[in-house]
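K.L.:
Could you put the whole structure together from the sequences, leaning on the hints where they help?
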Amino acid sequence: MRFKIYLKPLRDRQKLLFNYQYPLQAWIYGLLARADADYATFLHQRGYELAATRKTFKHFTFSSLVIPRTEPIRKGDTYMTLRSDMLSLVISFYVDKAAEGFIIGLFQEQQLSIYNREYRADFVVERVETLPVVALDATMTFRTLSPMVVAKKTDSLDQYLAPTNAEFGRFFAVNLVDKFRSIQPSMHMDATVAERLVKFELLSDPERIKKRGILTKEGKERLQTKVIGYQDFTFSLTAPPELIEVGYWGGFGRYSAMGCGCVEVCERPFANSSF
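Take 15 as the starting number for the sequence shown in this note's numbering and just add one per residue.
No lab work stands behind these hints, which were simulated from the structure alone. Glycine included, C-beta positions come from ideal geometry on N, C-alpha and C. Incorrect hints may appear among the rest.
What the hints assert, rightly or not - Restraint ranges, calculated between C-beta atoms of paired labels, are given here:
| id | residue 1 | residue 2 | range |
| --- | --- | --- | --- |
| 1 | D172 | E278 | 22 to 28 Å |
| 2 | K167 | V80 | 29 to 35 Å |
| 3 | I197 | D99 | 23 to 29 Å |
| 4 | K166 | E85 | 21 to 27 Å |
| 5 | Q173 | R141 | 40 to 46 Å |
| 6 | Y129 | E85 | 17 to 23 Å |
| 7 | P86 | V207 | 29 to 35 Å |
| 8 | I197 | R131 | 35 to 41 Å |
| 9 | I87 | T252 | 37 to 43 Å |
| 10 | A152 | R48 | 36 to 42 Å |
Unchecked claim - Simulated crosslink set (BS3-like; lysine-lysine; CA at most 27 Å straight-line):
| id | residue 1 | residue 2 |
| --- | --- | --- |
| 11 | K89 | K213 |
| 12 | K224 | K89 |
| 13 | K166 | K18 |
| 14 | K213 | K225 |
| 15 | K167 | K18 |
P.N.:
What follows is the structure, encoded as C-alpha cells:
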C-alpha cells in the first residue's frame, strides 16, 4: 500500500536539514507504534531476517521530500531555506500487516519536526491520499523517487556502486532476491540464480545521475555511518513479478527503511532519458 502525504510548513523560511531521512524514519516508526506497538517494535529492533545470515529487512520505504521552492543554496550549507506552501512525500509498504495498521486517519493532522542542535523545521499533515495499486509485469520501467543504495563488501567495508558500474546489476539482483527470501524462506536462490532471474538496465544519461551522501543515526557519533546513494535515473527491470513487487512496495537496494530505493512506475520506457 502507498500513501502520499502533504506537509504544510508551520512557518515561512524554515531551515530544513539536507539529511532529513533519519528523522523521517523515526516519525514513521512513532506513528506505527500508535497503530500497532508490537509490530513497530519488531520492525525497529529486528525486522524480517534472512535465514543463516545477519541480514534483516523492514519492507517499507519512502520518497525524498518534494520541495517546489527554496531560497538559493550556498556552498557549504547543511540546510535549505523553505519557501514552499506545501511539501509532499510518498510512503510505501510491502507487508500487509503494516498496511492494515498504517491507516490514513493515523497521519491526518499529525505534526512532524525535523531538527538538530542548530536548525528546526515544523510541519503539519495537511492531507493524505491513498495511491492506486499498480499492476506489475515481468518487465517494468521505473524512475527513482529517492537515492538508491547498492553496495558490495570489500575487506569488510561497503563499496557503494553507481548505476553505471558494471557490477551494479549483480548486487541489485542479489539484494532483491534476499529481500524476497526473507518473506518466503522456503525459496532457495543463490547469487547465480539471482543474476539469471533479475535483469537491470539503466536508461538514463549517466551525466544526469546525482550522487547523494546520507548519514544514518546523525548526531550519534559512535553509531552514525555515511552511505552513498544515486538518484534521478530511470531503469528497466525484468524479473518474476513477485520479486518486482517486493522492491516496488518495500524499496530497491539497501537502507530502504531510511527512505532509499523508493521508485515510481514510468508509463513508457524512454531510452537515454534523464527525466
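K.L.:
Evaluate each hint against the coordinates.
P.N.:
Hint-by-hint comparison with the structure:
A C-beta distance of roughly 26 Å is found between D172 and E278, which places it inside the suggested range of 22 to 28 Å. The beta-carbon spacing between K167 and V80, approximately 34 Å, falls within the hinted interval of 29 to 35 Å. Here the CB-CB span from I197 to D99 is close to 40 Å, at odds with the stated 23 to 29 Å. At about 39 Å, the beta-carbon gap between K166 and E85 misses the expected band of 21 to 27 Å.
Between Q173 and R141 the C-beta distance comes to about 42 Å, which sits within the given range of 40 to 46 Å. For Y129 and E85, the hinted distance range of 17 to 23 Å is satisfied, since their beta carbons lie about 18 Å from each other. Range check, P86 to V207: Cβ separation about 50 Å, and the 29 to 35 Å hint is violated. For I197 paired with R131, a C-beta distance near 39 Å keeps the hint of 35 to 41 Å intact.
As the Cβ distance of I87 to T252 is approximately 38 Å, the hint placing it in 37 to 43 Å holds. Taken as a hint, the range 36 to 42 Å holds for the pair A152 and R48, whose Cβ atoms sit roughly 38 Å apart. Among the hinted pairs, K89 with K213 is inconsistent with the structure: their alpha-carbon atoms are about 38 Å apart, more than 27 Å. At roughly 17 Å between alpha-carbon atoms, K224 and K89 fall within 27 Å of each other, so this suggested pair holds.
A threshold of 27 Å between alpha carbons decides the hint, and for K166 with K18 the separation of about 32 Å lies outside it, so the pair is violated. The straight-line distance between the Cα atoms of K213 and K225 is roughly 22 Å, inside the 27 Å bound, and the hint therefore holds. For the given pair, K167 sits about 35 Å from K18 by alpha-carbon distance, which is inconsistent with the 27 Å threshold.
This entry does not satisfy hints 3, 4, 7, 11, 13 and 15, going by the numbered hints stated previously.
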